[in-house]
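Join the two chains, each given in its own frame, into one complex according to the hints.
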Amino acid sequence: MEARPVLPDAITAHVDDPRRRLVDQTLKRFQYRPDALIEVLHVAQGAYGFLGEELLSHIACQLNIPESQILGVATFYHAFALRPRGEHCCIVCTGTACYVKGGGEIVKALEAAYGIQAGQTTPDGRVSLGTARCLGTCSQAPLLMIDNTALGHEVVEGIAGRVAAALGKSSSGREPGS
Amino acid sequence: MNQQRLQERVRQLREQQSTNPCRVLVCCSSPCLSAGAGAVKSALEAVAAEHSGRVSVEVTATGCLGPCSRGPLVTVRRPGHADAVYERMTPELAGKILAGHLTETPPADNLLPADLPFLARQTRIVLENCGRIDPENLDHYLAADGYAALARALHDFSPEGVCAAVEQSGLRGRGGGGYPTGLKWQLLRKAAGQRKFVVANGDEGDPGAFMDRALMESDPHRIIEGMAIAGYATGAAQGYVYVRGEYPMAARRMHKAIRDAERAGLLGMRILDSPFSFRIDVRLGAGAFVCGEETALMASIMGRRGQPVPRPPYPAEHGLWGEPTVINNVETFGNIPPIIRNGPEQLAAIGTGRSRGTKIFALCGEVIENGLIEVPMGTTLREIVFAIGGGIPGGAAFKAAQTGGPSGGCIAAQHLDASMDYENLQALGSIMGSGGLIIMSEKTCMVDVARFFMDFCMDESCGKCSPCRAGTVQMYRFLDRVSNGSATERGLVHLEELCRLMKETSLCGLGASAPNPVLSTLRYFRDEYLAHIREHRCPAGVCRMTEVPVTLLADELMQRIAAGRLDGEAF
Chain A
867 MEARPVLPDA ITAHVDDPRR RLVDQTLKRF QYRPDALIEV LHVAQGAYGF LGEELLSHIA
927 CQLNIPESQI LGVATFYHAF ALRPRGEHCC IVCTGTACYV KGGGEIVKAL EAAYGIQAGQ
987 TTPDGRVSLG TARCLGTCSQ APLLMIDNTA LGHEVVEGIA GRVAAALGKS SSGREPGS
Chain B
64 MNQQRLQERV RQLREQQSTN PCRVLVCCSS PCLSAGAGAV KSALEAVAAE HSGRVSVEVT
124 ATGCLGPCSR GPLVTVRRPG HADAVYERMT PELAGKILAG HLTETPPADN LLPADLPFLA
184 RQTRIVLENC GRIDPENLDH YLAADGYAAL ARALHDFSPE GVCAAVEQSG LRGRGGGGYP
244 TGLKWQLLRK AAGQRKFVVA NGDEGDPGAF MDRALMESDP HRIIEGMAIA GYATGAAQGY
304 VYVRGEYPMA ARRMHKAIRD AERAGLLGMR ILDSPFSFRI DVRLGAGAFV CGEETALMAS
364 IMGRRGQPVP RPPYPAEHGL WGEPTVINNV ETFGNIPPII RNGPEQLAAI GTGRSRGTKI
424 FALCGEVIEN GLIEVPMGTT LREIVFAIGG GIPGGAAFKA AQTGGPSGGC IAAQHLDASM
484 DYENLQALGS IMGSGGLIIM SEKTCMVDVA RFFMDFCMDE SCGKCSPCRA GTVQMYRFLD
544 RVSNGSATER GLVHLEELCR LMKETSLCGL GASAPNPVLS TLRYFRDEYL AHIREHRCPA
604 GVCRMTEVPV TLLADELMQR IAAGRLDGEA F
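Residue numbers (the working numbering), protein chains in the order written: chain A, 867 to 1044; chain B, 64 to 634.
Pulled out of the complex, with its shape left as it was, chain B reads as follows (with noise of 0.2 angstroms):
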């Protein structure tokens, strides 16, 4: 296919689908099929088969479009009309909507106001076609312009001049250390090498993101087409897609969008009759966390451990088969396209101060809308949960917010107007992270979060540096000490000491932010840690304070001789 051909194609495919008197889109992500999406779409299929004498209609499996918690979501759309999207669907109401629609009388039951904030208020660059198209139809994507980013870069652009372009936009990257892209892919271009490698960092380890996920379930040929212009900026000819191991579902969709593209000519030699080669391969990940980190990412490529090794050198340089490899997350390259469709100018101008662009952000925990949302940078926390989220269930007060997962921290209810970017977070914290943000009441512990971080940390440490693999069992068990009542105030300050220990010393990202989470919840809810301590309670209510402090002991058993309680408990 040349960039002609493309261009016929998309104007026949688009052509197709405006003619098309009724297309429903039924939501068959994760969530949705979990809430019975299945069914819903078998129920549609049936009621379009009834009617397909009459009038075709398209029934389709989309990926995610965004309120989960409302799933399984369907959405009608029809030509001259607006979409309808209606949540919460039966088999049973999904065909009598769709049979109201083909008879011109639509029902209004469980349809979501046009104007709901949780969609209104969003603004979808990235996740534009999540939940708009089949991620398993090609067709699709290239009738929602996809791969038109592709043609211009091959045919109207230098690779300096996608790299330039990159910069310009000002995108960061978004798996949360927010380094510039244009940079990073201008390094690869310079660097020396025979061979070169394009990595897309799909392992979205922390607990509570699931950004990573519904992108590459949704859109994967958006991801393709943004690592092939990488490929194509940066001179490398091989790319691989490190999907996480929990994903099945993730890593059998790309590696079907990359044989699609492949056999249209959109991958693989000879790129659209250009003279550009790109290869991807799918890389299937198998449990560990540490493997986000990029070094330990490139060696679990390879087929090893993966365990990091000290930067630098950083892999622009000596990266997989030591040769020049550039990392990004999945999210950084699902930026690419509208970058080089529309000008860097259009990423340019959304945003704050040095953080450009939208970001997506999982929203879940307490909140009553959980979630996929897109907000541009610097939007306000208390926008995200009240405005977008709905609020707290119940009327519970919002206490916390953790973003960046283990490697992050908490926003207390004081910084609910903090904006959204990386600077800022850093400046409370926390992090900006891959994008997790897990709303807390006032009946979450901080103690406990903190100790639920801190036992992932410990378990997912590789044990390659002393001080992940000691500090986290030590930071893990004085954290246990505090929640079930035997803590001191002295072993406080020893936690203290050894957070900036680990953070000083660790080899890599994971053991040098595993402190984060008792260091952010210590900044702002070191009351609760004293009131666990000093008055042997637990605010939330959380916590079995079963035990006392071993120096203690004597006094305690004293007491309870004197109250004639020599019951032996919690001895």
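One chain only, chain A, in its complex shape (with noise of 0.2 angstroms):
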């Protein structure tokens, strides 16, 4: 990332963004401690959906930390993205129980539904299919989230239609400023 001079302009053009306030309520909570950066980067990522160039730079100036140390968190931990996410989130639980239970066979209908890979975007900026390590939802094992809402002791056959329907109710994958 290269570092930018904060002109007048790019700061005016943020005032009355509320995703923008939102973050810098959040700083101003944790009163600009450089510890508090996980926590707004959440929050930051809950309310744009994902971790632009200049927002980072913007958390970086207001923490007082080098961009290299926060674009270093950013990659390193698995919850953020620096690339806008599709419209809808489809998750595939693969921890163990779903993975004995045939949650790697899922993954594969889907991939082969939708033409991408786990982590990707469908062109069209629709669905992000991903996978998790463990949803901690074992017993409904396998599982798949839906933006929300989960879909509990799937079966590979017929699974793409499904998914489908449930993501034609699901109104949208983010709850600004969650």
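Worth flagging that the hints you see were computed from the coordinates, not collected in a lab. There could be a bad hint or two in this list.
[What the hints assert, rightly or not] List time: in silico SDA-like cross-link candidates among lysine to any residue, alpha-carbon distance up to 20 angstroms:
{"no.": "1", "chain 1": "B", "residue 1": "K527", "chain 2": "B", "residue 2": "G572"}
{"no.": "2", "chain 1": "B", "residue 1": "K319", "chain 2": "A", "residue 2": "R895"}
{"no.": "3", "chain 1": "A", "residue 1": "K974", "chain 2": "B", "residue 2": "M608"}
This is the structure:
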């Protein structure tokens, strides 16, 4: 990430952005302490859906830490995305219990159905397909999360149809400000 | 609030609850919610509203009751009657059942037998409130003897006395390490430092483990109480709960519980009018398995990349911001209130050998009853799988149980009668771990399981030390070759060498324990590896053996030519 000077225009452009206000409030709540970085990134990601370059520079500037460090943290943790995600998120749990009961087959079936690999977004930006290490709901294995709705005890047959139906019902993947 | 006022409040709340003619508890933990508990609760509330003129019914959303595969679960509690637990509720059925109870004709549909082994054979100490109270309601926790232990500790115990009681109970770390908790606290108490910290490790990264999630979601005040007692015993004034990033609901409930406790004077400045002050903050993880390791976890709390550093110095000397710190699993903190409230003898009387008390296991995989169980240390695997878990579905044979996630190992069928305690599990080549217990039947290929865990470790290795960064990749490649049929026996020798090397030279627990699943499957299921390598077949029928070893490519080609099958497949 190249360091770029923060111009007055760039500052005023964000004053009215409610998402930016949310980030700024969080920064203030943590009294601009550098150790609050991960908490701030969680809020920023919740508001914007991903962590853009300009946003990271802003946070680095406010917390008074080098941009290299903030990028290091943002890339280290799986929960942070540096690119926009799809409108909807389909996460297949591939924890041990789900794997033993066929979660891996479900991932392959969905990859084939959407023509993308796990971790990618469809070209139209509608669906992001991902896998999770364990969602801690092993008694429902194999498990899928469509945005915030869980589909438990899934089988590979006809999975694409059920996912499409659930995606149709789900309004949006992101809760702004969550 | 002071101790007298607390006791007075508890008495009032109990009176109120005992006069309530009917209380309905709806399990609203993640598994039951995904099975439709939300709609069931609305239906029950509607029925309660219909009868509100005649009789008052309290509908409560509780945390996890345990038998998750039977959800959504509803418990009807009436004075003078035994609790009636109903399984697999639908909104219609739940409404009918409540109406039946209110007209003294309770139906028996979907009623769980009172002596269901899954519930009756457990010893619930840490989970005593789970599924019985509303986790978001401080009053419910208070009525269940909540914060009595903290009040007792502040009033009747010296800090040394608390440490001694914990030591006497024989409690050991429930996160897997098994270090005596009392000893850890003594170290921190004696450590010199301006500030000291207490950290609850709720970064439950092991796939297949959900005890910590259930405990944080179902009984958050218990963890806060345990941490506050730890703070008093060790002289710390600040605590952190590190919640795994994938558990937003647990983080939300911890936040709310902390706020409620602070408002009631049970946390914050001058707790219960004593000179002791203790604050707790929640830190949300962001999806890194290595953060379960204590030095990595501390780095993450300080807002840095979660990379471990060599120990010693141990956190008790040099922890958060260089100050003395104690880190315990949330389940360990959950054990603390009963020790102070009921005396250390209660815990010390349960268990076997040097493993005292109970352990929570997340029972899942190929077993009929899935869910959360709490059993005395030393319970046999057979009891857990067949008596409590109800056996393997479809009458399939038991093959192995995986404990401890990617740092643990497998226990084969010949050790079904092994006692589940720290020492014995270690002797069997596995570990207690945090308590994930995944049951595998004959349909599971052990090579594939080992490959799955190595894939996990490879992905989660933080990359700081080379044995782990490069070793996991090498091991994964070999295991992948075994499962696609292109491995050789010489490779197997290399694999074992690599396992030893990684165990001895890795920086932190992740790398040092990553070979465990491979070593333990090799120990009990070596013939399965050899069947893949020598006979080119997968006994469980899971692996697609489509490749051949490079050294045999020419032979294979000649054979195919001779058989007139030169289709280029697999080349």
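Going down the list of hints, with the structure as the test:
{"no.": "1", "hint": "B:K527 with B:G572", "in the structure": "holds (13 angstroms)"}
{"no.": "2", "hint": "B:K319 with A:R895", "in the structure": "holds (17 angstroms)"}
{"no.": "3", "hint": "A:K974 with B:M608", "in the structure": "holds (18 angstroms)"}
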